[in-house]
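Novice: Spelled out, the chains give:
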Amino acid sequence: MLQFALTRFISLSLSLIAASVVIFAVIEIIPGDPASFMLGINAQPDTIAALREQLGLNGSLLSRYVNWVSGMLVGDFGISYTYKVPVSELILARVWISLPLAVYALAISTLIAFPVGLIAAAKRGKTIDITIMGTTQLGIAIPNFWFAMILVLIFAINLRWFSAGGFPGWEEGFLLSIKSLTLPAIALALPQASILARIMRSSILDTLDQDYVRTARAKGLSQRQAIWRHALKNALIPVLTIIGMQFSFLMAGAIIIENVFFLPGLGRLIFQGITQRDLIVVESVVMLLVFAVIIVTFIVDLTYAAVDPRLRKR
Amino acid sequence: MNFFVKKVATATAILLSSTIISHAAQTDITIGMQLEPPNLDPTGGAAGAIDQVVYANIFEGLTRYQADGSIAPALAKSWNISDDGLSYTFHLHEGVKFHDGSSMDAEDVKFSLDRARAEDSTNAQKALFAGIASVDVIDATTVKITLSSPNGGFITNMAWGDAVIVAPESIGNAATNPIGTGPFVFSNWVQGDRIEISRNDNYWGNPVALDSATFKFISDPTAAFAAMMAGDLDAFPGYPAPETLPQFAADPRFTVIGGNTEGETILSTNNKDEHFSKLKVRKALAHAINRQEIIDGAMFGYGKPIGTHFAPHHPDYIDLTGNSNYDPELSKKLLSEAGYPNGFETTLKLPPPSYARRGGEIIAAQLRAVGIKAEISNLEWADWLKQVFKGKDYGLTIVSHTEPMDIGIYARPTYYFQYDNPDFQQLMTDLTAESDPSSRSAMLKKAQRIISEDYVNGYLFQLARTSVINSKIKGMWENSPTQATDLTGVSWTD
Amino acid sequence: MTHFPRTLIFGGILFSIFLLGALISFVWTPADVEILQITARFKLPSTAHWFGTDHFGRDIFSMIMVGARTSIAVAVVAVGIGIALGVPLGLWAAANHGHWLDDFIMRGNDLVFAFPSLIIAILITAVFGPSAFNAIIAIGIFNIPVFARISRGGALSIWTLDYILSARVAGKRAFRISAEHILPNIANLLIVQGTIQFSLGILAEAALSYVGLGVQPPTPSWGRMLADSQTMISIAPHLALFPGFAIILTVLGLNLMGDGLRDILDPRIRRTQR
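Chains as they are written, first to last, in the working numbering: chain F, 1 to 314; chain G, 315 to 808; chain P, 809 to 1082.
No lab work stands behind these hints, which were simulated from the structure alone.
Everything hinted at is true.
List time: in silico DSS-like cross-link candidates among lysine-lysine, alpha-carbon distance up to 30 Å:
1) P/Lys-851 to G/Lys-618
2) G/Lys-391 to G/Lys-458
3) G/Lys-700 to G/Lys-440
4) G/Lys-646 to G/Lys-706
5) G/Lys-411 to F/Lys-84
6) G/Lys-391 to G/Lys-411
7) G/Lys-700 to G/Lys-687
8) F/Lys-179 to G/Lys-786
9) G/Lys-458 to G/Lys-411
10) G/Lys-646 to G/Lys-594
11) G/Lys-586 to G/Lys-687
12) G/Lys-411 to G/Lys-788
13) G/Lys-594 to G/Lys-706
14) G/Lys-700 to F/Lys-84
15) F/Lys-84 to G/Lys-440
16) F/Lys-233 to F/Lys-219
17) G/Lys-760 to G/Lys-646
18) G/Lys-440 to G/Lys-458
19) G/Lys-700 to G/Lys-594
20) F/Lys-84 to G/Lys-704
21) G/Lys-586 to G/Lys-706
22) G/Lys-706 to G/Lys-687
23) G/Lys-687 to P/Lys-851
24) G/Lys-424 to F/Lys-84
Chain F stretches covered by chain G per the calculated footprint, using a threshold of three residues with CB under 8 Å from any CB of chain G:
25) 89-97
26) 157-169
27) 267-276
The beta-carbon is built from N, C-alpha and C at its ideal position, and this holds for glycine as well.
The shape of chain F in the complex, shown without the other chains (with noise of 0.2 Å):
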């Protein structure tokens, strides 16, 4: 187990580092220099130039590289070239927009399929069933930002339930904070539940057709108990997985989102970054992203690994 640990650590690290060499150097063949953008059309060179040195854009390639990573490992990313703030600092405000937000859809979509799931694991086969399984590839199908847009026509502008977007802080109230992520979650939320429903069905038809389960039956288990004693809890293990995996979907993901409800979270921080030039600020949340998947494969892989040793040799 150990030794299994070690070499996922060591590959892990090897990711990391081949993730910030890919990130830099896309960074680095981004047209547009961040100085010109910031002085506008009426600049001067030597005003620009001047700029420049003070952004410490004129570095070399590889000193840049390692003052960008060093500072990094120290919790250091550096200053944004247009806020003229650290990038930590956004970085944390942003994530308590953008983790709620997960949060709050990754809630609406399990509540929504877990019971769905488990309704049309139950009625296999009949009308519900199959309502239920074309209910879900619409909601696969529909695009996410489409839906928001919809759902700002009608919440929003026609019935002014909610307001359009924008976030006025957790500081201004709980409850408002909330009221303001829910459109943007119900929209982000749709189509992950209709994709966890489907998941949650074949999980469970898979375990009921497991050959334990059919003998349980033919020894007169009810179906009913069957999925219940049987089935849930192993299809917990498929569904959880997905629920990691769209986590952190949902983290980067809602870059359009975010940018339909105007909500200030982290996906439109890299937006902005990339059409303002703000590269520091993108490559250190791509980064963070990043780091984040590799993590979360990793503790998921051992997970696994402890729970099932045969999974130690691959």
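Mind docking chains G and P on chain F? Use the hints.
Specialist: Positioned in the frame of chain F, the structure of chains G and P alone reads:
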């Protein structure tokens, strides 16, 4: 007796009106803005969004723009100009304090101007200060500025947001904590969402009516519409979705203001391009364009057609749209004469604003009709600056030139549209040296004619600035002589 | 093969409608999508314009036909990239199972998976400029590890079979075995996965052109139609509804097809889904 009654009546009226103000009128305001300022230091970046928050509210200069575009005294209560036009002596207001409590005096003026024109200055409008030879402190409230050559526009230059007076102790942190002398103090910035400012109770000038103001950043036009309709915002100056204005105009809760700007929106043409270097081709281009269709299609009717690079509300403006009336047949004929009976291909590189993106699609279709195939590429500002503005790697582009009185850019042969006409350059040199108003006017008119008849660029329309505001708000600027959201005169009626 | 699942038939019909529309658009559309007529804008659906007209007075029905062409072309090529590069990688990894090469390829795969795909796609188009070609690359890159993983998985189980062993003993090279025996056996897997990636590609293209990074105007694309219509949704909702429906129905059709194909082609699933 009579006198007494009058007095009581007046007192009652004052009492009444003040009760009404304190009970009914709102004293805070939430203003929508499309772009978030990258930082709040107006002396260190070009972003118009910075001035839209801080100009006249937080920072003040020696002089300032007013709503009608005229220049008024600000921190300088008066000034004398020497007869040779070379030295300006500014007399400052007394008792002006920065928000941190330190006093503003002639030393701060000297510091601010010297800093802006220094070798390592990062001021985006460094050219404004280029003519300054020296800045001398006479006493605490008097400062003398000496120019190297006369400049009729110097007082105007000092009104720009880039020329505000800052303090050496606080300017280092101005990006995130701006400390100025204005009627509002900076209070909070939730990056990505909003900036809050509140009244400066120690303001040296007339106190403002508002207690606080919030600038909320909503880049998406739909979201802007929804937020305004839902009442989340009280005003949206420079409202980004003209297509929805009829809905606001029909709603008694809102007032739609259609003001003008200094933005000449032009189809900038690369005059060194292999095709567009020919006058006939540029003329054909001009006649291929249907301005009204662009104004209707891209701006939903808001915007005034222009035929040259000059703001129509300026007294010296002449209407030259007749030089380039919509005439596709003439355009095709001119193209044949220039050697392109079957047209040619070029590029149309568009920056993000909707006037450019939508206008570009319409222009591309109009050009296709006469045989010019313009391949559209939509660019972010950073790419546009690099490829078009600096790299001059383009055929056509659309951009609004929002600087006031900027016809002088046609005298710069290295400017991105690369127009090189020695006669025009001479005319501009003469203009700077000329001080007689009527000769200046004649020269400005001549300049407009030259560029119109040379078809340097396609002249489309003067950008309108439409604002949507709550009907109970008064005192917002209608026009946009400079980029600003001046809240000093804004108040709520009940 | 006598019995086709209903999902396959229904999905196939749905998708065929859009495919047909895309093909017909090469020779005929009800109106020219490159001619603007501002005076005829925001027209509601009528016999002259089945889906109405947009903010430039263009016929929305015609734009959806041509937009189908864009969506399908981008998605097909992106899947093609994934198959062309991912499958050989996966087979190569499987052929070297137990060797560091296998580990290296699979770790590389994991690395690509760790990147937030939409953000990277936006970055790529920001680097190389927005165009259909760059959108294809941006979407295609993320298809490579998907196909690499699935073909490696499929190939591994086949490598252990007896007849492969005998082929090895007979001296056949790993490359030939992969090409002659393994590839045909994992074709079913690839077809099913291809359909799913195809539908994801349509969604990804829509998202990219929605943020302005797909094909450039005047070529219509569904995502950009949605983006353009966004500010007008309260005055002319049909501008947003029709392209939205087009995306949904195409993706739905493909997903149903994928399900149906899996039922026929993948024996493992057939047992449980019966």
